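Visitor: Residues per chain, in single letters:
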Amino acid sequence: MNQTRNDSAPSIVLRDVHKWYGEFHVLKNINLEVMKGQKVVVCGPSGSGKSTMIRCINRLEEHQRGHIVVDGIELTNDVKNIEAIRREVGMVFQHFNLFPHLTVLENLTLAPIWVRGIPKKEAEETAMFYLERVKIPEQAHKYPGQLSGGQQQRVAIARALCMKPKIMLFDEPTSALDPEMVKEVLDVMVQLAREGMTMMCVTHEMGFAKSVADFVVFMDRGEIVEMAPPSEFFTNPKSDRTKLFLSQILSH
Amino acid sequence: MATESLSLAPPVAERPGPIGWTRRNLFATPFDVALTILIALFLLWIVPPLVRWGVVDASFTAPNRDLCPADGACWGIVRDRFHQYLFGLYPVDQYWRIFAGGLLLILGCVPLAVRRFPHKVLYGVAFMVIYPYVASWLFEGGGPIQPVIDTPLWGGLFLTLIISIVGIVASFPIGIALALGRRSTMPVIRALCVAFIELVRGVPLVTVLFMASVMLPLFLPPGWSIDKLMRALVGVSLFSGAYMAEVIRGGLQALPKGQYEAASALGLTYWQSMRLVILPQALRLVIPGIVNSFISLFKDTSLVFIMGLYDLLGISRLIVTSKEWLGHDIESYIFAAFGFWIFCFAMSRYSQRLERRLHTGHRH
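One line per chain: the protein sequences are A and B, in this order.
Residues are numbered in the numbering used here as their position in the first sequence, beginning at 1, plus a constant of 461.
Residues are numbered in the numbering used here as their position in the second sequence, beginning at 1, plus a constant of 147.
Isolated chain A (complex conformation) (with noise of 0.2 Å):
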């Protein structure tokens, strides 16, 4: 019974939030609930405010006005609170930032050893766990730099799975990766979905919105324009400036 309950709690909610860089109003009136389990893209032109909405959600930018509640706990300038998020919420980067001075297990068990306190051996175990799961075990004494952009974004993944978030946040995961190895990525993706993981992702890969989307969330000059199914978004998108947007970005 509890069980159900939790299932239909929301895991991140974001009610009339604003956000100023000086004078420019980046974020505007932004309203959103992601419940859990769920998986949302976030797609919009470029400056249109998607990866600050989604780097608000772990406090790397902060809001000025407005709610953000993730995992039931609201983010204010409260440390403890903040740091609590972010221990239950991952983040995958457009530029993988892997630390390149620590070997990839390193990389892996660096968080779990000092932020929740899991002894060596186990983080390690852990560790080579999600790096299977990522398929590339063979590279965990390597560092970050011997190897390719794919190879270290699947990493980066599973650094953020280590710590074993409720959350995962992708900012254009793919975006700086070689046409071939976008698949790669996208794939340990779709595995991640399948199993059941909230998830909220900024990206332009419109197939994978298409195959594990529950909703996109489309962007523009700061505002949340459309909020849809994929079966719906990409069919009967109703703004023009979603349509505007999907004839760009579907015309090739």
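Quick caveat, the hints were computed from the structure, so don't treat them as lab data.
These figures come from a predicted structure and were not determined experimentally.
Hints should not be assumed to be uniformly reliable.
[As the list claims (entries may be wrong)] Calculated lysine-lysine pairs in the DSS-like style (CA-CA distance at most 30 Å, straight line):
hint : chain 1 : residue 1 : chain 2 : residue 2
1    : A       : Lys497    : A       : Lys627
2    : A       : Lys627    : B       : Lys470
3    : B       : Lys404    : A       : Lys603
4    : A       : Lys582    : A       : Lys625
Dock chain B against chain A, hints included.
Guide: Positioned in the frame of chain A, the structure of chain B alone reads:
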């Protein structure tokens, strides 16, 4: 000379061996030819007289200035006063204390060189805290170790090493703290760090030392006094700490923002991400700058003469005022310069090795 002008020169027939090398590197273009001849003439003009003065006409054994050759160097000064170059005016029969202190330092550092020594960091910190007490007790005396030897008698290379090692070891944490403070989001801390760094960097070290030796006592309650050497050590440490801070800040700024973000996103606290992610990378980036600071610090130690302390340079000046060696300044200073050079060169080589070792797994 000027190998880069090769691309402009007409192709020179590749010839192996010294003739080919000479042609390629010394006579590739008319400009190279002129430069080579000019430099050769300069060397011909300067080197033979130097060799004649320093080697051919020189005496290596003269026990004092009366037996020195008229036109040559008199290296006997080094032989006669070697112990003073090393230890200053420290009593000769007490040299064993310095040797003991040095031996302790070397033995204490051995575990730090062992790759997988357990609790290395803890040990290192403990050693750094305990050793200065043991060493200063050995050197100065007290209790069972008699007689007491006051710090103004410490001198020569011994004093140079004390000041520079303390300066180097102390300036490192001071520099890290100031660099982090300067980038802090807390306005008070940032303002304090900026003020300190800019103030200290804005005045010459001589001024800092002068103030420490002349003005500090004026502010202390009567009857209080701080040891002269201690004042020098504090002055040198704070001074080089301010410089170190700016070097380290350079490294912190050079790191991509993504590294800070990834560390935060994983839930690491500020101090954890600094210690585990940011500083290890930032410090690696600025090894050349850090060693550069250490090398200038090592040479700047000679400024303690203003406080009446005789480091390696100070003692070589003192020696040539003695009646046995009056007037042999050049030999004495050349020897002091050689002493400084050995240590600075060693530091520079060590830093190159360190850079190579730390960058092995770091290819981008």
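Visitor: Hint compliance check: list the failing hint numbers for this structure, sorted ascending.
Guide: 2
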